[in-house]
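**Student:** Dock chain one against chain two, each of which comes alone in its own frame, and use the hints as you go.
Protein chains in written order, with our numbering: chain A, 213 to 431; chain B, 2 to 180.
Quick caveat, the hints were computed from the structure, so don't treat them as lab data. Just to be clear, a hint being listed does not mean it is correct.
To be verified - Simulated DEER-style distance windows between Cβ atoms:
id: 1; chain 1: A; residue 1: Asp397; chain 2: B; residue 2: Thr130; range: 26 to 32 Å
id: 2; chain 1: B; residue 1: Glu38; chain 2: A; residue 2: Leu246; range: 37 to 43 Å
id: 3; chain 1: A; residue 1: Ile284; chain 2: B; residue 2: Asp125; range: 37 to 43 Å
id: 4; chain 1: A; residue 1: Thr324; chain 2: B; residue 2: Ser25; range: 45 to 51 Å
id: 5; chain 1: B; residue 1: Glu71; chain 2: A; residue 2: Gln292; range: 30 to 36 Å
id: 6; chain 1: A; residue 1: Arg323; chain 2: B; residue 2: Lys174; range: 53 to 59 Å
id: 7; chain 1: B; residue 1: Thr130; chain 2: A; residue 2: Lys353; range: 21 to 27 Å
id: 8; chain 1: A; residue 1: Thr324; chain 2: B; residue 2: Glu38; range: 50 to 56 Å
id: 9; chain 1: B; residue 1: Ile19; chain 2: A; residue 2: Lys267; range: 34 to 40 Å
id: 10; chain 1: A; residue 1: Leu363; chain 2: B; residue 2: Ala4; range: 42 to 48 Å
id: 11; chain 1: B; residue 1: Glu71; chain 2: A; residue 2: Glu425; range: 34 to 40 Å
id: 12; chain 1: B; residue 1: Thr141; chain 2: A; residue 2: Leu363; range: 38 to 44 Å
id: 13; chain 1: B; residue 1: Thr130; chain 2: A; residue 2: Gln292; range: 36 to 42 Å
id: 14; chain 1: A; residue 1: Gln292; chain 2: B; residue 2: Thr104; range: 20 to 26 Å
Claimed, not checked - Sample of chain B residues at the chain A side, in silico, Cβ under 10 Å:
id: 15; residue: Phe9
id: 16; residue: Ile34
id: 17; residue: Ala132
A virtual CB, placed ideally from N, CA and C, is assigned to each residue, including glycine.
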Amino acid sequence: MNIDDSAADDVDFEESITLEEVIRKMTMMWQNELCAPCLLPTQMGLVDILLDQIKGMEDNIGRQADKMQLRISLHRMELQRISFMTSDYMRCRLQKIESNPNDAIDQHQRRTQENQSELLSETELQFAREYANAEAELFEKTVLEFMPAALKKVSVPRPDHQDDMVYAKVLGEDIGNVAIPDWQDLNAEMVLEMEKSSCHLIPFQSVKHYVEEGTVQLL
Amino acid sequence: MNAERCEFLAGNSLIEVIPSISDSTIFLISGDIGPFEAGVPCKLPIWIAILMKRKHNCKLVAPKWMEVDELKKILTSETENQGLASLPDHFFEITHMLVRDATDDIFEVEAVKSLVQDIYDRRDAKLRTSAMAFLSQNSTCHAQLDCVQLLETSSARATLEACKQMGIVIRNKHESTPL
Chain A
213 MNIDDSAADD VDFEESITLE EVIRKMTMMW QNELCAPCLL PTQMGLVDIL LDQIKGMEDN
273 IGRQADKMQL RISLHRMELQ RISFMTSDYM RCRLQKIESN PNDAIDQHQR RTQENQSELL
333 SETELQFARE YANAEAELFE KTVLEFMPAA LKKVSVPRPD HQDDMVYAKV LGEDIGNVAI
393 PDWQDLNAEM VLEMEKSSCH LIPFQSVKHY VEEGTVQLL
Chain B
2 MNAERCEFLA GNSLIEVIPS ISDSTIFLIS GDIGPFEAGV PCKLPIWIAI LMKRKHNCKL
62 VAPKWMEVDE LKKILTSETE NQGLASLPDH FFEITHMLVR DATDDIFEVE AVKSLVQDIY
122 DRRDAKLRTS AMAFLSQNST CHAQLDCVQL LETSSARATL EACKQMGIVI RNKHESTPL
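Chain B with its partners taken away, still in its complex shape (with noise of 0.2 Å):
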């Protein structure tokens, strides 16, 4: 898994839009969507948003949480509690994608960027943190880690593996030195 994969598999949650075409019902693989009607409000996902956006045939709505208000909230409790705040799924992918793709329909672009910049940095030094704690002990070979999100997860595999190889290289050369 890596950045890319999860953006596209974010590229499949749903967004509201306003098309700015009449269109009847088109039939796709994933699902049917439409009928368009212009200026009245739907849900599409999201790849299907950012391509008609390109073609300049609706605008999207951006989604409640990326007020720069709900952002604001986000952040100061991911700063209050000690475990990582429940972010809505895909939170960092959808940003990237809207803050890309769809510049003109967030509100106030560059105060969300930065909050969130601000709630991924937060929540990273958080996994680092905590992953220095579970990598330096070895009572457990579990840990809880509620509300992580995929990119998170995706990002911290690569550190986790070289641990692992670490550990395997360690115990070579301790078995292989004479005492």
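For reference, chain A alone in the conformation it holds in the complex (with noise of 0.2 Å):
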């Protein structure tokens, strides 16, 4: 059962990153996107080298059938472990796009502009755009027709993550300074050192940049 080689080849990742990386990385994104207040930019590649070694695996383990217990059943379990995680961290990201499908499509489109990493992948992209028309013509069928013209559009809520807080924990050696927004005087903004491996109740804006970048791990 040789690994490493079948890893990683076909996406954008650097080449020698090894699987135990990419399981590292997906667990630190899995719980970063858990602990979000909105939608992270997409792993979708770890997502999908993880699929694939699921599947490889299993066909490797179908092959080998009843022959040694324990070796069989720690790869088993481990597959089990690694697609929980997948499934659990596609099931908030689909969570979190139902919620508002709208603000979602809207958001990666700004980025897109702007060159920032996607926020949504291209199924989940698909997704969204499925999810709002399917809710757009429910309202359509069940209340909106029978409303007076004025009354027959229905705005996108624009959630406000500005005062979402969030734990976060400092991971990398040198962030520095981070601005926050300070209370008492509205225009002003407040500097805070941030030193490695404190942890700190902040707004969600204040990090972002961070948690992207991965310096900065939500708690």
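**Tutor:** Structure, rendered in structure tokens:
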């Protein structure tokens, strides 16, 4: 069972990335996604690598049927753990998309225009569009049809993540100073020094950039 | 995040085991483990250790901090200091898993259980007081909580979210009530 060679060949990650690294990163991204108040940039690359591996390993196990008990059950348990993690990651993202598909699409497009990493993967984008359409259709058929023209338009709620607080732990060495809004003077900002491995309860907006960079981990 | 997921994450931390079987290296996706030699201690992720334990293939070695004396020290420092004491990562999750699945490998289980419960209660009380202090002020939107554990933030998040919703409700009420 040589696994390392087949890893990460068709994905735009550094070629030397090991599977161990992929799993470590996926675990971190999963934790971030669960703790973040809004969608984080997609990590479909990682998910795809892992799904590939799961499939390969399942074939492998299928062939080796019942040769060595412990070995097989360890492999099987690992597969279950990895697939739980990836499915739970996707589940969490889909829930966030479902809560406001239109906003997710808008944010995604804004990020693409600004040349930032993509918020949604292709399939997620498709899902968001379909969900938004289905929802619009449902509203149309059940309620809006019977409304006077002035009330026919439903505005998209814009969730404001400005005030959302998150718990964050500093992983990187040199984050330095982070600006946080000053509540005593709404136009001012306060600067906060974040040391390595300190934990903070802090507005998400202030650390968002670092979370995407991977130097801050959400708790 | 919830307690079960915290425990899942904690399952990735390493623990020392003494295998009772000999086996060659196993190439798992998340890294190779082994080779095992009966009686020679080695480090494994907890989820593997517990699986092997269930099959009676190994004995777990409880981490050093899980000894009663060490726990007592932690408890004292938790009592004496105002801030949170620094605990090993996934402290509560690991204890929970080991107490549940490897009862016979821990020395003085009952004492360990009650000490860890005491530590949890102390920390919970501290976090509660600081959360109250934080929520009842409006001058800063930042709090430093060094050494807080994933499990604790996960359980505090619901309260925080509820307070936020409450804030929205109250604001709406103020805005919609005629003066």
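**Student:** For every hint, state whether the structure bears it out.
**Tutor:** These are the hints, each one checked on the structure:
1. A/Asp397 x B/Thr130: 26 to 32 Å: holds, 28 Å
2. B/Glu38 x A/Leu246: 37 to 43 Å: holds, 39 Å
3. A/Ile284 x B/Asp125: 37 to 43 Å: For B/Asp125 against A/Ile284, whose Cβ atoms are near 42 Å apart, the range 37 to 43 Å holds.
4. A/Thr324 x B/Ser25: 45 to 51 Å: holds, 49 Å
5. B/Glu71 x A/Gln292: 30 to 36 Å: holds, 34 Å
6. A/Arg323 x B/Lys174: 53 to 59 Å: violated, 36 Å
7. B/Thr130 x A/Lys353: 21 to 27 Å: At roughly 52 Å between Cβ atoms, A/Lys353 and B/Thr130 fall outside 21 to 27 Å, so the hint is violated.
8. A/Thr324 x B/Glu38: 50 to 56 Å: holds, 55 Å
9. B/Ile19 x A/Lys267: 34 to 40 Å: At 35 Å between Cβs, range holds.
10. A/Leu363 x B/Ala4: 42 to 48 Å: holds, 45 Å
11. B/Glu71 x A/Glu425: 34 to 40 Å: holds, 36 Å
12. B/Thr141 x A/Leu363: 38 to 44 Å: holds, 42 Å
13. B/Thr130 x A/Gln292: 36 to 42 Å: This hint holds: roughly 41 Å between Cβ atoms.
14. A/Gln292 x B/Thr104: 20 to 26 Å: Since the Cβ atoms of A/Gln292 and B/Thr104 sit about 24 Å apart, the hinted range of 20 to 26 Å holds.
15. Phe9: holds, 7 Å
16. Ile34: holds, 8 Å
17. Ala132: For B/Ala132, the interface hint holds, since the closest Cβ of chain A sits about 9 Å away, which is under 10 Å.
The structure shown violates the earlier hints numbered 6 and 7.
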